Amino acid sequence: MPNERFRADTALAPLKVFQRRTVDYVFDRLYGQDDPVRQFLVADEVGLGKTMVARGVIARMIEHLWDSTKRIDILYICSNQAIAAQNLNRLNVLGRRELALPTRMTLVPLQLRDQVGLDANKVNFISLTPGTTFDLRSATGVTQERALLCHLLCNLVTRPRGLHNLLQVTAGVDGWNRAVDNLTLEGVDKRIIERFRRDVQADRDLFEELERVCELFPRRRDAYPPEMTQPRNSLVARLRAKLSHACVDALQPDLIIMDEFQRFRDLLHGDSDAAILARELFDYSGGNGHAARTLLLSATPYRMLTLAGDEPDEGDHYQDFLETLSFLYGREKGPEVTATLAREMRAFRGLLHALPQSHASAVETRQTIERRLRRVIARTERVASTVERDSMMSEPAITVSVAPADLAQASAVSQVARTLDAPEIIEYWKSSPYLLNFMRHYSLKRLLEDQVDAPSAALSTAILAARPAMLDRDAIDAYAPLDPANGRMRAIMDDTFGQHLEQNLWIPAAMPYYGETRAGAPLTKALIFSSWSMVPDAVAALLSYEAERRMGVGESGRRYFEQHRLRPLQFRQDHGRLAGLRALLLIYPSPALAELADPLAVFSETETGLVAGGNARRYRRPPQARARCFAGGSGIASGCEQRRVGRPCRDR
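Just so we're aligned, residue 1 is where the sequence shown starts under the numbering used here, counting upward by one.
Hints were generated in silico from the structure; no laboratory data involved.
All values derive from a computational prediction rather than experimental measurement.
Just to be clear, a hint being listed does not mean it is correct.
Stated by the list, open to error - In silico DSS-like links for lysine-lysine, alpha-carbon gap of 30 angstroms or less: (1) 525 - 430; (2) 70 - 122; (3) 430 - 445; (4) 525 - 16; (5) 190 - 70; (6) 16 - 190; (7) 445 - 333.
As the list claims (entries may be wrong) - Now the in silico label distances, taken between C-beta atoms and shown as ranges: (8) 368 - 276: 31 to 39 angstroms; (9) 202 - 366: 48 to 56 angstroms; (10) 502 - 317: 34 to 42 angstroms; (11) 596 - 500: 57 to 65 angstroms; (12) 14 - 299: 17 to 25 angstroms; (13) 502 - 10: 45 to 53 angstroms; (14) 421 - 347: 33 to 41 angstroms; (15) 515 - 359: 54 to 62 angstroms; (16) 5 - 573: 53 to 61 angstroms.
Note that CB positions come from ideal geometry on N, CA and C, so glycine has one too.
Generate coordinates for the entire structure from the input sequences, incorporating the hints supplied.
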């Protein structure tokens with residue numbers, strides 16, 4: 001039965017233990033008896049299944065509201081519709097068709113009437129995208145929006161013809177008339193119509209402005225002066241905003257899920273029309289007493305770290321943290337709780353500075369802060385998901401040395417920074433060599449670019465002295481050895497090339513399906529963390545260059561910057577035939593290919609002389625006794641009896 005009472009057990013069964021524990025905690029904070037909240041953040045580490053946690057919360061929420069709510073609406077808000085299509089399928093615990101609304105809020109009434117209707121379903125899954133649903137930046141909107149406004153308002157104004165003319169805005173005459181004629185209010189939710197008309201009439205200033213502007217457009221013109229277009233555009237923008245708010249009632253959200261919400265945090269903290277509209281969704285309360293709950297999902301809900309040299313418009317990690325917490329506690333409690341937390345964290349900082357004498361007080365203050373955060377935030381990390389608490393990774397100790405070239409680079413680049421009055425470079429120098437080459441958007445590079453056309457004498461001298469601390473194009477073009485010039489880079493190179501990783505086309509499987517068993521520890525991947533954006537560029541550039549150099553590319557006479565470089569192996573079609581496969585057939589052993597082209601099988605079909613070691617002999621075997629001797633590319637047949645005992649196949 002479609003409306004048979006829903007049970008959450010089936011949806012909860014696939015969850016892992018830590019996911020189920022998170023689901024239970026989140027549900028208790030949203031719907032429990034102990035001071036529940038309306039907003040909650042799940043900040044689990046990347047890859048731990050936040051979507052599955054959201055699915056579990058949905059299942060428990062549906063089960064909880066089934067008997068007390070006539071209709072349950074779940075809204076899923078994410079950055080684009082492609083992500084929504086992928087994740088809605090996982091969140092849809094009922095397996096029913098979800099309703100995607102990748103449109104403006106003002107057009108929701110028209111889209112909903114083409115569906116079966118929200119009231120026809122016990123549970124509705126609806127996806128929204130902030131870039132379009134909450135977009136009120138365009139004052140006059142699109143033609144279909146204005147056509148809908150024309151039908152909604154024509155019975156309220158004293159001059160319907162003036163309304164029709166002003167809402168045309170810049171649309172062509174035929175297109176505008178066709179848009180109005182083809183649109184009707186049939187099937188549109190009457191609650192939207194009634195609320196919109198009521199809100200417009202209740203706003204006395206807006207309604208008087210509507211009547212006044214209608215009088216300015218008694219007849220259509222090819223062009224209108226600014227004294228007519230400016231009030232018209234302002235009026236249309238205000239009407240669109242009223243219609244957007246009226247459409248919230250049509251959605252009646254019970255649970256709102258915002259995935260990776262940091263990408264559109266302005267909806268949470270801003271004061272724009274879009275933010276006001278979004279907050280009306282968050283604050284929705286139905287006539288049955290049920291209030292909307294909002295579940296935020298993000299592994300990085302706020303900026304992790306702000307440095308002294310960062311631009312102001314890049315945000316501040318501490319302010320982002322406080323704003324996020326204020327939203328989670330709600331508009332009424334949020335500011336007060338945030339101010340209290342800020343005081344507690346300042347006190348905690350002071351206690352840390354006073355250690356060890358302040359140890360007991362520091363522990364107590366830390367626990368107070370943690371309890372306050374746990375009321376609205378839950379986070380699971382991999383370190384707690386393994387028995388050894390090692391996050392399924394190991395951190396081998398590496399030897400980091402400091403060479404004279406490293407110190408020479410630090411001295412040279414530091415002199416350039418002091419000349420430009422740039423921030424100290426010591427932290428950058430510890431992480432990457434050749435800073436003047438790889439620093440792209442840092443203050444030092446920006447200040448240097450600002451003076452590139454007219455450098456001072458001191459700057460010219462500093463740059464000239466720093467030439468050895470930069471990459472040499474001629475040396476690189478000739479594939480000359482390149483000094484790592486950095487202790488950490490040197491350690492990475494020693495670890496990578498010490499295992500001869502550059503000689504592998506790919507990392508061999510730790511547990512191969514065929515071939516000889518690897519002796520010793522298998523090759524593994526390395527994960528490098530850094531706070532600086534130039535580090536990935538430096539690591540990729542220097543390691544790939546050194547790998548090419550060690551392969552002997554320079555010894556072949558080729559130049560690094562030559563215009564026509566050899567391309568890697570390609571697979572393409574040439575005049576309808578596959579090309580570029582010949583080299584692959586030579587280097588990659590394949591049992592499937594051996595099955596298709598077994599030379600022994602070919603010779604066994606005919607009386608053909610097989611030359612081996614200079615001696616010709618006749619060779620013929622019955623088909624049922626054929627051995628696939630080339631399946632593994634080794635000297636041992638993989639399809640015959642000799643393979644089982646490890647002896648070379650006599651049929652070779």
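Each hint tested on the structure:
This hinted pair checks out: residue 525 and residue 430 have alpha carbons roughly 23 angstroms apart, not beyond 30 angstroms. Between residue 70 and residue 122 the alpha-carbon distance is near 7 angstroms, which keeps this suggested pair within the 30 angstroms criterion. Distance restraint check for residue 430 and residue 445: the Cα-Cα separation of roughly 17 angstroms lies within the 30 angstroms cut-off, and the hinted pair is therefore satisfied. Taking the CA atoms of residue 525 and residue 16, the gap is about 27 angstroms. The hint holds against a cut of 30 angstroms.
Between residue 190 and residue 70 the CA atoms are separated by roughly 18 angstroms; this keeps the pair inside 30 angstroms, and the hint holds. Simply put, residue 16 and residue 190 have alpha-carbon atoms about 45 angstroms apart, too far for the 30 angstroms limit, and the pair is violated. Distance hint between residue 445 and residue 333 is unfulfilled; the C-alpha atoms sit about 44 angstroms from each other, more than 30 angstroms. Here the CB-CB span from residue 368 to residue 276 is close to 34 angstroms, well matched to the stated 31 to 39 angstroms.
Distance hint check for residue 202 and residue 366: the Cβ-Cβ separation is about 51 angstroms, which falls inside the suggested range of 48 to 56 angstroms. Roughly 39 angstroms separates the CB atoms of residue 502 and residue 317, a value that falls within the hinted 34 to 42 angstroms. Between residue 596 and residue 500 the CB atoms are about 34 angstroms apart, so this pair departs from the stated range of 57 to 65 angstroms. Evaluation of the 17 to 25 angstroms hint for residue 14 and residue 299 yields a pass: the beta carbon distance comes to about 21 angstroms.
Between residue 502 and residue 10 the beta carbons are some 51 angstroms apart, a value that agrees with the proposed interval 45 to 53 angstroms. Hint check: residue 421 to residue 347, Cβ distance near 36 angstroms, so the stated range 33 to 41 angstroms holds. The given range of 54 to 62 angstroms is respected by residue 515 and residue 359, whose C-beta atoms sit roughly 58 angstroms from each other. The hinted window of 53 to 61 angstroms between residue 5 and residue 573 holds, with their beta carbons roughly 57 angstroms apart.
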